[in-house]
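**Q** Sequence:
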Amino acid sequence: MAAADWIDPSMTGVVWTRTSREPQIDRPPLDSDAQADLVIVGAGYTGLAAAIRAAAAGLRVIVVEAGIAGAGASGRNGGYAVPHFPGALRPSAVEKLLGPRKGQALNALVSTGPDRVAELVRRYAIDSDFAQRGWVQPAHSQAALAKVRAVHDDWRAFGVKVDWLDAGAVAAETGAAGYLAGWRNASGAVVNPLAHARGLARAAESEGARIVECTRVTGMAQEGPGRVIVTCTGPGGVHRLQAGKVLIATNAYTDALMPGLPRSVVTVRLYHIATTPLPELLRRRILPNGNCFTDLRKSGGFGRYDTAGRLISGGAVFAASNVRAYGEAHARRRMAELFPQLRGQQIGIEDYWEGYCALTDSYLPHVQRLQPDVFAVLGFSTRGVALTQTIGQAMGDMLAGKGRLDDIPLEV
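If you read the sequence shown in the numbering used here, its first letter stands for residue 1, the second for the next number, and so on.
These aren't lab readings, by the way, just hints derived from the structure by calculation.
Simulated pairs of lysine-lysine, DSBU-like, Cα-Cα distance not exceeding 35 Å:
1) 161 x 96
2) 161 x 102
3) 147 x 298
4) 147 x 102
5) 147 x 96
6) 298 x 161
7) 298 x 96
8) 161 x 402
9) 402 x 96
10) 161 x 147
11) 102 x 402
12) 102 x 298
Pairwise CB distance ranges (calculated):
13) 320 x 58: 49 to 55 Å
14) 18 x 284: 24 to 30 Å
15) 157 x 235: 51 to 57 Å
Since the model is a prediction, treat every value here as computed from it, not as a measurement.
All C-beta atoms, glycine included, are put in the ideal place defined by N, C-alpha and C.
Using the sequences and the hints given, assemble the complete structure.
**A** In structure tokens:
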């Protein structure tokens with residue numbers, strides 16, 4: 001099944017649905033033809049952040065969502081706002097890929113990403129359990145150690161405040177065993193991602209944007225300068241939106257609406273689990289400062305708590321059948337490996353859920369101009385919590401005439 005078809009509006013099994021203090025607002029599907037200055041396809045972080053900025057600038061904005069706001073990756077991820085690129089990708093490598101001007105601008109966006117999310121939380125009073133307690137990238141092997149050290153040194157050379165941690169300091173920060181060293185950025189944060197998506201949707205509406213849910217975009221055609229016809233299908237029937245501009249912000253849940261668009265990324269299936277709340281004694285020994293971490297293992301070495309003390313972890317799905325059994329077994333093995341304190345403890349798994357992320361060859365997102373007034377941005381490659389919102393804001397500004405496409409610090 002294609003990721004674009006795998007949208008479960010009920011969000012069954014996702015821990016964030018029952019812990020979100022931001023209420024779910026049921027929004028009706030599109031029920032008539034309409035006009036807008038900007039139509040945004042996808043009510044995830046990218047689309048909602050763009051809608052906030054464009055609507056605040058005075059544009060008539062309609063956001064069209066096939067499920068409900070946050071039903072894709074935005075509401076299903078682990079909730080890590082990380083001030084770094086995927087894996088061991090270094091700022092200097094980004095400058096080589098994009099050139100000095102765009103590379104330095106993207107480095108600045110990434111390194112300040114959690115702070116920019118914090119500003120959105122404050123400005124719109126989003127109740128998403130956002131907490132900046134730091135993020136750690138530890139090294140689990142000698143090969144990883146060399147990469148992690150190079151990443152740390154690169155960020156320091158770029159002027160970012162980062163801390164090198166020896167093995168003892170990593171153990172003190174994470175409670176995890178076996179790490180050789182690592183580095184820390186104190187601005188890293190955790191968030192209830194679904195609550196945050198709901199808050200962004202509320203913020204977009206407060207600025208004047210309209211959001212329609214359970215409505216799929218099934219056709220799109222540029223019929224002249226500043227005139228794009230968007231065909232939408234849902235319970236209310238088939239209707240047409242006439243838009244001045246269109247932004248496709250569906251990331252891993254992109255379908256074949258525009259030829260070639262899904263093939264511009266690799267879609268990866270991921271799972272997450274949430275344990276039963278850990279006893280206070282264990283919480284004092286595992287991630288005692290409430291921070292989060294991600295290492296360089298391809299199969300997933302990461303962890304954080306939610307506000308109730310549930311340990312959240314996960315990884316990539318490498319099984320063709322019995323996926324939940326595979327995911328839970330893999331998570332238990334990895335948690336026991338990372339945290340010897342859990343061995344022999346009766347720690348249950350309360351929640352298991354899956355979703356998709358979109359990877360690019362460069363591990364950087366890209367912007368596509370598909371038609372003169374139709375744009376797409378996708379490929380956030382596991383680092384979307386913060387970067388989707390900062391890039392979404394930049395796209396909203398550009399589409400409102402407050403910047404040029406070339407000002408977006410991504411490959412176009």
